[in-house]
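Numbering of the sequence shown is given in numbering that gives the first Met the number 0, commencing with residue 0 and proceeding in unit increments.
Note that these hints are calculated values from the structure, not bench results. All residues carry an ideal CB built from backbone N, CA and C; glycine is no exception. Hints are not guaranteed to be accurate.
[As the list claims (entries may be wrong)] Cross-link-like lysine to aspartate or glutamate pairs, in silico, EDC-like; alpha carbons within 20 Å at most:
1) 129 to 140
2) 129 to 162
3) 129 to 84
4) 129 to 86
5) 129 to 164
[Unchecked claim] Distance ranges between label pairs, derived from CB positions:
6) 252 to 215: 28 to 36 Å
7) 290 to 211: 19 to 27 Å
8) 140 to 270: 36 to 44 Å
9) 119 to 169: 19 to 27 Å
10) 127 to 229: 25 to 33 Å
11) 192 to 221: 42 to 50 Å
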Amino acid sequence: MTSDVSRSRTAGAPISWGVCEVPGWGYQMPAPRVLAEMRDLGLRATEFGPSGFLPVDPRQKASLLADFGLEAVGGFLPVVLHRAEHDPLPEVDVFADACSAAGAEVVVLAAVTGLDGYDVRPELDPAQWKTLLANLDLLNEHLAGRGLLAVVHPHMGTLIENDGDVRRVLTGSSIALCIDTGHLVAAGADPVAITLAAPERVGHVHLKDVDAALAARVTGGELSFSDAVANGLWTVLGEGSVDLESMIGALQQVGYQGWYVLEHDVMLGQEPPPGAGPVHAVSRSLDYLRRVLA
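Given only the sequences and the hints, what does the whole structure look like? Please build it.
This is how it looks when you write it as structure tokens:
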């Protein structure tokens with residue numbers, strides 16, 4: 000039996016409405032419509048979304064979410080961590096200010112390449128890996144000092160993507176993980192095995208499902224990540240290849256008490272008519288999750 004705590008800690012994410020930080024990703028839906036549709040689906044919380052989606056001022060950001068009856072979770076922060084000459088602290092602190100003002104808890108770090116998008120992923124040399132891992136520990140300690148949870152998000156097209164990368168993080172740093180079921184499965188990793196092997200390191204969860212055939216074309220170099228997303232790489236929960244019931248069962252087994260964030264990344268060519276668009280896919284995913292958590 001899944002606890003009431005788990006059901007109450009289900010959150011939305013603007014990326015499920017096509018709102019993304021990648022230039023040229025597609026039509027970006029306005030915050031009032033996205034937040035209203037989240038509220039009307041019965042979601043009680045959301046991640047922030049990319050810079051520019053919500054107001055820049057931390058108090059205005061918190062106020063807008065409150066106007067729609069939504070609690071702030073925190074959110075996804077792409078940051079360069081592997082360059083010795085780059086100090087990530089200033090941009091992380093700006094994000095942390097917004098979290099603190101809104102009562103949010105989680106800073107989801109993605110170790111991005113420094114290039115736009117997620118289609119090109121260079122290999123790091125040992126010195127760059129050392130810098131990346133040291134920065135993860137630095138930010139983990141710094142954000143803990145501010146009362147926030149830092150997690151690192153394995154993500155297709157970033158420098159922490161697959162099972163080997165996750166193992167380097169687990170052995171080389173102390174930061175917690177954001178388990179993203181779709182990104183890990185698409186990269187050939189097993190999120191259930193990772194969770195059961197290091198349950199104490201799971202701090203945050205993004206629930207995503209994946210079209211295995213499209214994912215294989217990305218990892219095989221036949222298709223870019225962005226083209227795969229445009230063609231339906233991510234599916235409604237329960238309609239792809241991820242064993243989400245086993246994943247949630249594994250989390251319950253280890254006493255996970257964090258957030259379950261629904262994610263179904265999409266690209267939009269134009270604004271959907273009122274009552275149409277991504278809201279229907281999110282509704283189906285939410286229905287699926289509610290059944291699993293019943």
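Here is what the structure says about each hint:
The straight-line distance between the Cα atoms of residue 129 and residue 140 is roughly 17 Å, inside the 20 Å bound, and the hint therefore holds. As the CA atoms of residue 129 and residue 162 are separated by approximately 18 Å, the hinted pair is consistent with the 20 Å bound. The straight-line distance between the Cα atoms of residue 129 and residue 84 is roughly 13 Å, inside the 20 Å bound, and the hint therefore holds. A distance of roughly 15 Å separates the Cα atoms of residue 129 and residue 86; the hinted pair therefore holds under the 20 Å criterion.
Distance check on the hinted pair: residue 129 and residue 164 sit about 13 Å apart at the alpha-carbon level, within 20 Å; holds. Evaluation of the 28 to 36 Å hint for residue 252 and residue 215 yields a pass: the beta carbon distance comes to about 29 Å. Restraint check, residue 290 to residue 211: a C-beta distance of roughly 22 Å satisfies the suggested window 19 to 27 Å. For the pair residue 140 and residue 270, the beta carbons lie near 43 Å from each other, so the given range of 36 to 44 Å is met.
Taking the beta carbon of each, residue 119 and residue 169 are about 25 Å apart, inside 19 to 27 Å as hinted. For the pair residue 127 and residue 229, the beta carbons lie near 31 Å from each other, so the given range of 25 to 33 Å is met. A beta carbon spacing of about 26 Å between residue 192 and residue 221 contradicts the range 42 to 50 Å that was offered as a hint.
In this structure, the one hint that does not hold is number 11.
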